[in-house]
Structure formats: structure tokens, C-alpha cells
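Residue numbers (my numbering), protein chains in the order written: chain D, 46 to 168; chain L, 7 to 207.
Since the hints were made in silico from the structure, they are not lab data. Among the hints, a few may not be true.
[What the hints assert, rightly or not] Mimicking DMTMM-like on lysine to aspartate or glutamate, the simulated pairs with C-alpha atoms at most 20 Å apart in a straight line are: (1) D/Lys94 with L/Glu93; (2) D/Lys94 with L/Glu166; (3) D/Lys94 with D/Glu132; (4) D/Lys94 with L/Asp162; (5) D/Lys94 with D/Asp133; (6) L/Lys46 with D/Glu132; (7) L/Lys39 with L/Glu50; (8) L/Lys39 with D/Glu87; (9) L/Lys88 with L/Asp77; (10) L/Lys88 with L/Glu50; (11) L/Lys39 with L/Asp28; (12) L/Lys88 with D/Glu87; (13) L/Lys46 with D/Glu72; (14) L/Lys88 with L/Asp28.
In this text the structure is predicted, and so the values were computed from the model without any measurement.
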Amino acid sequence: MTAPAAPPALQGASAPPRSNGELVFAEPWEGRAFGLALALHEAGAFTWKEFSTELAGSIARWERAHPADEEYSYYRCWLEALESLLEDRGIVDRAVTLDRAVHLRERPAGHDHRHDHHHDHGG
Amino acid sequence: MAIQTRTEESFTPAMRTEALEDILTERGLVDPKVLAGLIKNFEENVGPMNGARVVARAWVDPEFRARLLADATAASAELGYKGAQGECIVALENTDRVHHVVVCTLCSCYPWPLLGLPPGWYKDPAYRARVVREPRTVLAEFGLTLGAGVEVRVWDSTAEVRYLVLPQRPAGTEGLTEEELAALVTRDAMVGIASVAAPRR
Numbered sequence: 046m047t048a049p050a051a052p053p054a055l056q057g058a059s060a061p062p063r064s065n066g067e068l069v070f071a072e073p074w075e076g077r078a079f080g081l082a083l084a085l086h087e088a089g090a091f092t093w094k095e096f097s098t099e100l101a102g103s104i105a106r107w108e109r110a111h112p113a114d115e116e117y118s119y120y121r122c123w124l125e126a127l128e129s130l131l132e133d134r135g136i137v138d139r140a141v142t143l144d145r146a147v148h149l150r151e152r153p154a155g156h157d158h159r160h161d162h163h164h165d166h167g168g
Numbered sequence: 007m008a009i010q011t012r013t014e015e016s017f018t019p020a021m022r023t024e025a026l027e028d029i030l031t032e033r034g035l036v037d038p039k040v041l042a043g044l045i046k047n048f049e050e051n052v053g054p055m056n057g058a059r060v061v062a063r064a065w066v067d068p069e070f071r072a073r074l075l076a077d078a079t080a081a082s083a084e085l086g087y088k089g090a091q092g093e094c095i096v097a098l099e100n101t102d103r104v105h106h107v108v109v110c111t112l113c114s115c116y117p118w119p120l121l122g123l124p125p126g127w128y129k130d131p132a133y134r135a136r137v138v139r140e141p142r143t144v145l146a147e148f149g150l151t152l153g154a155g156v157e158v159r160v161w162d163s164t165a166e167v168r169y170l171v172l173p174q175r176p177a178g179t180e181g182l183t184e185e186e187l188a189a190l191v192t193r194d195a196m197v198g199i200a201s202v203a204a205p206r207r
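For reference, chain D alone in the conformation it holds in the complex (with noise of 0.2 Å):
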């Protein structure tokens, strides 16, 4: 049997993400919100069954507080466990996440904070 050219498991229907054309995460606050819970855990912040069992708890609030036809959103659910865990850690209060939010929201347009925008500068 001859070599394939690519490993065929790389090209099979389990291929890695991306590459199958499969979105991990439908938009980037997503992915941040995604990475900012694992990285606070992976610094020991808090255990995952910690943040789990918040995630659970969020979950089952938008189940109850919502009618079945509106538009499920997981990672919703997902940054407000998330807040819900910091706020009760003495972490960060809400109340400072919502005035840094208006901080950001105000800074005046085209001015990104982080400096870590890629600009496209053309030919």
C-alpha cells in the first residue's frame, strides 16, 4: 500500500476543527469568553466543578426565566456564569466589568485600546 499524501484521519469526516470547515466558535467573544474561564482555572482561580456547577446553575435559568422558541445562546450562558464565579470570589464585582463595558464603549471611534489590531496598510 502506498503512502496517502496526508494522513487519511486528517481528511476523514473527524477532521480538526477549522479544517472540516466546522466553526468552534460562531463569533470571537466566543472563543475569548471560552478562554478567559479556562485560563482563571488553569491559574487556579477556581476548580472546574466550580465553574461547571455555575454554568449548570446559569443554564438552568435561562431555561426557566425563557419561552422554548426564543434563540438559545450557550456562551450567554456561558460569560454570565462566568461573571456570577468572579463576582462571588471577590474577583471582580460587575459593577466594575459594566464600567470598564461603558469605559470601552465610549472611547471615541477608531481607537482601539489594545493595540493589537491588525490594520490592513494595503499593497
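Since the structure of chain D is already known, use the hints to place chain L on it.
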């Protein structure tokens, strides 16, 4: 209204996430490089091909299969697959008589190192509620019809225990290499909502 509200609802999740990230990185609680690496890893590297390689190895190597069924975390680590949400993985072997299907009724617990992040349907409230109540109907909706003689077992994942379904090796694949076998194994088969089809000739 002239007064701008300052509630969660007045900001999009993207704005709240950006604000949180801004604070956490400013305070040194999150390293932006680590964060970027984690996201990129799950977007590009970790996915069901890992689990597929574990399944293919179990199909061709009876001793590995025995180790996988005894301790899937350790057996997966032999192939280099370990990490967050892979601390306690249990492998469930499908047979002619028993078919396993996995859910997380409370949230979305899932064996990340082997399957990556879960697909939308796995996180969906309808799947999470219905597969427990009427697994055969849900499986049929996914296109998997099981005979009356097959017992369906539904496993509820938790933050502590994640499951990997070891699907049955399809007939007619005796001549395939381990890599060719791995290419047949789908994520859906490893969650238990599909079987593995033989390659089309």
C-alpha cells in the same frame, strides 16, 4: 430615554467579554499570550480526530482496547491525548446488544482532549432533555435506528466523569490500516448518535 442604563442588558456579550478581559489582563490574572494560545488550540488542534485515533487503535490492538476500557484516561494519554476535561474519561463499548449514547443534562461536559469542544446540538436544551426521556426517538431523528433487541444506555456526563463511546468496527474493514480506520470514525459515533459506516467502494 436620556439616561443610559448600566445593566448587563445594555451591553452585548461581546462588550462584556471585552471589558472582563481588559480587567483580568490589566490585573495580571490572565496572560494574553496564554489566552490566545488556549483559544487557538481549541479552534485548530483539538478535535474528534484525537478520539478517532484512540478508537482505531482499540480496533486493531486488543491489549490497547482492554486498557482503554479499564482506564480511558490513561490509555488516551498513551497516544498523547490529555489535558483539561480529560481527567476522568470512561470508555463505553458498543456491542450487538448494547448501544451507548452520551449527554450532559446540566450543561455540556464533554471529553475535550479526545473530541474537542462539543457541537451545537450537544449543548442544545432539546437534546439534553429529550435523549434521556426518549433516546430511541432522538437517535432515529439523527438517522440511527436500532433494533428492538439492542438495549440503549444513556450516560449523563458530569464535571468529574466524561464518556467516550467505542463504536463497533464496521464489517468489511479487515484490510484497512489503523489510519484508514481512524478516518472512518466520526465525532457523532463517539458520542453515540451514529454508527461507523464502512468505507464506500
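Any hints this thing doesn't respect? Which numbers, in order?
6 and 14
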